[in-house]
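Visitor: Here is how the chains run, residue by residue.
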Amino acid sequence: MSAHEVADVAVIGGGPAGLAAAAEAKAAGASRVLLLERDDRVGGILNQQVHDGFGTKVFGEALTGPEYAAIYEDRVNDRDVETWLKTHVIDVTKDRLITVHSDKGLRTIEAGSVVLSMGCRERTRGAIGTAGTRPSGVFTAGAVQNYMNVRNLAVGRKVVILGSGDIGLIMARRLKLEGAEVVCVAEILPQPSGIAGNMVRCLEDFDIPLFLSTTVVEIHGKSRVTGVTLAEVGPKMGEKKGTRRFVECDTLLLSVGLIPENELTNKIGIITNPLTTGAIVDDSFRTSVPGIFSCGNVLQVHDVVDYATLESEKAGIAAAIWATTGKLPDADIKVTAGEGLRYVLPATISGTDSVDFTMRSWKEDHNRAIIFKSGGEEVRRLRMPHMEPAGMIRVRLGKGRFRRIVNNELTVEVGD
Amino acid sequence: MNTTLICIVCPVSCPCDVEWTQEDGVIKVENNQCKLAFEYVEGELFDPRRMLTTSVPVDGGNWPLVSVKTHVPIPKDQMLEAMKAIEGIRAEAPIKVGDVIVPDLLGTGSDLVATRNVTTV
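Taken in order, these protein sequences are the chains called A and B.
The numbering of the first sequence is my numbering, which starts it at 41 and goes up by one.
The numbering of the second sequence is my numbering, which starts it at 3 and goes up by one.
One chain only, chain B, in its complex shape (with noise of 0.2 Å):
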């Protein structure tokens, strides 16, 4: 089969020409930028996924969210449950960039990390 894919992991957002099939996979990708298309490409056929990026309030710090996101992109269609399991966590200050935040976010294995660092006031 061909498919043109959008890939989507920066803003290039490269058109790729994708040849696949259910049994052997992934054939071929042309119109590509970088290296970066492969997996998504092979995801985004068998195994949808996506980062979710996100806040969650702080208490004590220089700021009073602290940006997160999954460590390893999530199932697609688990995003608006994630968001639920987020929801009422709070963080505590200080905050390093990369500080688990919740491990193993509804057990897909991605852990939610802090993408800032927060320092307490």
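With the rest of the complex left out, here is chain A (with noise of 0.2 Å):
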């Protein structure tokens, strides 16, 4: 093996928008796809997510992760991807040269196109400036689903959850179902943040409290967690007076949000949309830097596996054809995000075929509608029965409504 290789497609990162984007980047027909994972196996999270529930829109069935994921290793292994496990990579230069780090050493790959698919990790304990000790016992819900789901490992007996994330309310119930007690779940904000299934089936389900606009305060205990002081917040976040109370505990798992690993997209120059804190992209995935390509978690934070598999498909196919053609139509209408909602995407659109934008509301409400406008105009409207921002809103501008896009520009708003 030499130091220094050639590829079509490098893809970094072999989760499952990874996986996606290799195996159709192969199938588009690169020649040579290089998939790049640090991990000592590809599937990325999914292996972890022993629960079901995957899978409903592109295979019609919920699956669980593992099943998931084993889908979509054995398509990349059919195509002949190749597969570098155990493999870093720790810089990427605009011209799509890639370094890596393994036991093999450091090496450089010649990449004609690369996509940045390296998904999320999680916000811990320093994130969120959590006043008390230092004790053991403090772990991030993700971290816990790895111990109890991978390694066998169990993490403590009593456990408080802080953040209503989805990845904390699958772990209540994982929790409960392997016989530890868990307190009760903390949300600092008014309303629940994950989706509103996990609701129901991890806490409902187990008679698991959720005290909302509460949060945790303070940690105690000196080796290990004895119990987090509870408070409630106002309307500001701030602390309301009086509200403290103690629960006894040995565990606190943290489930407050995702951190999309953008560090590699950052060094590259690429611009990133602050909102999502990813890549701003076309509606071919392409990022500001030609060849460049970005999806899945990285991008945006999903709520649904299926989406950031179709959505990595669709980066997979396109940067196949720039790296063996060097041409992709121009995207040259501008999309842009209007009331009520936090950002949409992708930022423009070439015009040439069907597009699924996926968006996210700034709140919670009930019978409205998503509206396309062009030029003052109506594009296309969807009934909204309910939204809110936990769910990701996914819609699809046919190709025939094209034609009703003036002066290059598109604005997708929530209106009535």
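Derived from the structure by calculation, the hints contain no laboratory data.
Careful: at least some of the hints might be erroneous.
[Claimed, not checked] With the C-beta cut set under 8 Å, the calculated list includes, among others, these residues of chain A facing chain B:
1) Asp92
2) Thr104
3) Val190
4) Asn192
5) Leu368
[Claimed, not checked] Within a straight-line C-alpha distance of at most 16 Å, the following computed EDC-like cross-link-like pairs (lysine to aspartate or glutamate) qualify:
6) B:Lys98 <-> A:Asp114
7) B:Lys37 <-> A:Glu428
8) B:Lys30 <-> B:Glu44
9) A:Lys439 <-> A:Glu404
10) B:Lys78 <-> A:Asp245
11) B:Lys78 <-> A:Asp247
12) B:Lys78 <-> A:Glu244
13) A:Lys403 <-> A:Glu428
14) B:Lys86 <-> A:Glu218
15) A:Lys374 <-> A:Glu449
16) A:Lys413 <-> A:Asp456
From a predicted model like this one, the values you see are computed outputs, not experimental measurements.
Every residue gets a Cβ at the ideal spot worked out from N, C-alpha and C, and that includes glycine.
Mind assembling these two chains? They're in different frames, but the hints should get you there.
Guide: Spelled out as structure tokens, the structure:
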């Protein structure tokens, strides 16, 4: 094996997004596709998500995480994608020269196209600045999921969960099933962060209390957690006086959000959206740097893996086309997130093929509509019986609607 | 009767508006994105069931655990009982996705099956 390699497409990160991108890049005609993964197996977080609910959009049935991952792992293997495990990407240049480190030493890869699919890591205690001592027994929910579901390690007997993110809720159920006592879930926001389904099957099913507008203000314990102090917070997140109460526990799980791992994206100098922290992309998932694409959770945090897969398949195909022909349609139509939406993606479209737009609303709302407008006229309207920030909204704009777009501008907003 | 039930089959969590009666069962379901909601809603009203997903230790495998699920959902109120029944069960590598680890768990008619491939080391 030489220290310098050449590939048509190099995919960074072998989670669900990277697996889908690599498999489709190969199928779309890229002759050598490299999938670079720092873990000792591909599949990413799916390997530890033993619960079901994956695949309803792609396969029409609810699979578990490992089953879903196995399908795509088989696919990359069947298509002769070259997978490099235990390989850290330490640098990518604008000219798509990748430097990796592994037990084979330092190597460089000259790639025709690069797909950034690094996913997310979890926010930790440091990121939320909780006061108190520093005992053992404070974990992120995903770390506990890995310990319990992959490594067969138990973490504690009496657990408080801070944050109602989906992994936290799923771990509440998991801990309960494994015989631990889950004292409560505390959420600083006035509404749950996780999806509604997990409120039902993870908390209500097991009578686990959820305290909204409540947070952990202090962690107690010397060598091990002995308890936490909870307090209610007001509308401006300030602690409400006289609401402190001590709760005994030996473990605190944090489910306080995900951080897209965009360090490489930023190092390359790719333009990002401050609201997603991910790259700004067009409808081919091209970033601002030619030949570099981005997809999956590093681009935008998804709630449904199926959508990360579908997005990444498109990115993989586009990466293969660019690597083999150097051509992709120009994306000249500018898309803006209007009233009521935090962001909409992609930021520009070519108008050559139907586009699946993804977006999130600022707040929970009922009986509204997602409205596409151009030149002040309506292009498309979709009724939304219910929307909430925790649920990504996905709307297809069919090719047939593009003739209504004028002045190369399209606005997407929440309306009536 | 009219009830709103959140479909829990997948993360989309459709808030389904359900029209139903004890005698006629489910009459109408609205606000659902896909057909999987119909079966869920019917079950949730008359015979609530859940998929049980957990893991079982493996001997001689490249993973210390094999993840497992009930191949069809089991009665919701038997979840913790089922976990007790699984306690102490060990599986032996190699294991393929779909292999039966415990047949007819608690007489529910649902087999506990593997959801991960485990190879021997």
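Visitor: Would you mind marking each hint as holding or not holding in the structure?
Guide: Do the hints match the structure? See the list:
no.	hint	verdict
1	Asp92	5 Å, holds
2	Thr104	4 Å, holds
3	Val190	7 Å, holds
4	Asn192	4 Å, holds
5	Leu368	31 Å, violated
6	B:Lys98 <-> A:Asp114	13 Å, holds
7	B:Lys37 <-> A:Glu428	22 Å, violated
8	B:Lys30 <-> B:Glu44	10 Å, holds
9	A:Lys439 <-> A:Glu404	30 Å, violated
10	B:Lys78 <-> A:Asp245	8 Å, holds
11	B:Lys78 <-> A:Asp247	13 Å, holds
12	B:Lys78 <-> A:Glu244	12 Å, holds
13	A:Lys403 <-> A:Glu428	6 Å, holds
14	B:Lys86 <-> A:Glu218	9 Å, holds
15	A:Lys374 <-> A:Glu449	5 Å, holds
16	A:Lys413 <-> A:Asp456	13 Å, holds
When the structure is compared with the earlier hints, violations turn up for hints 5, 7, 9 and for no others.
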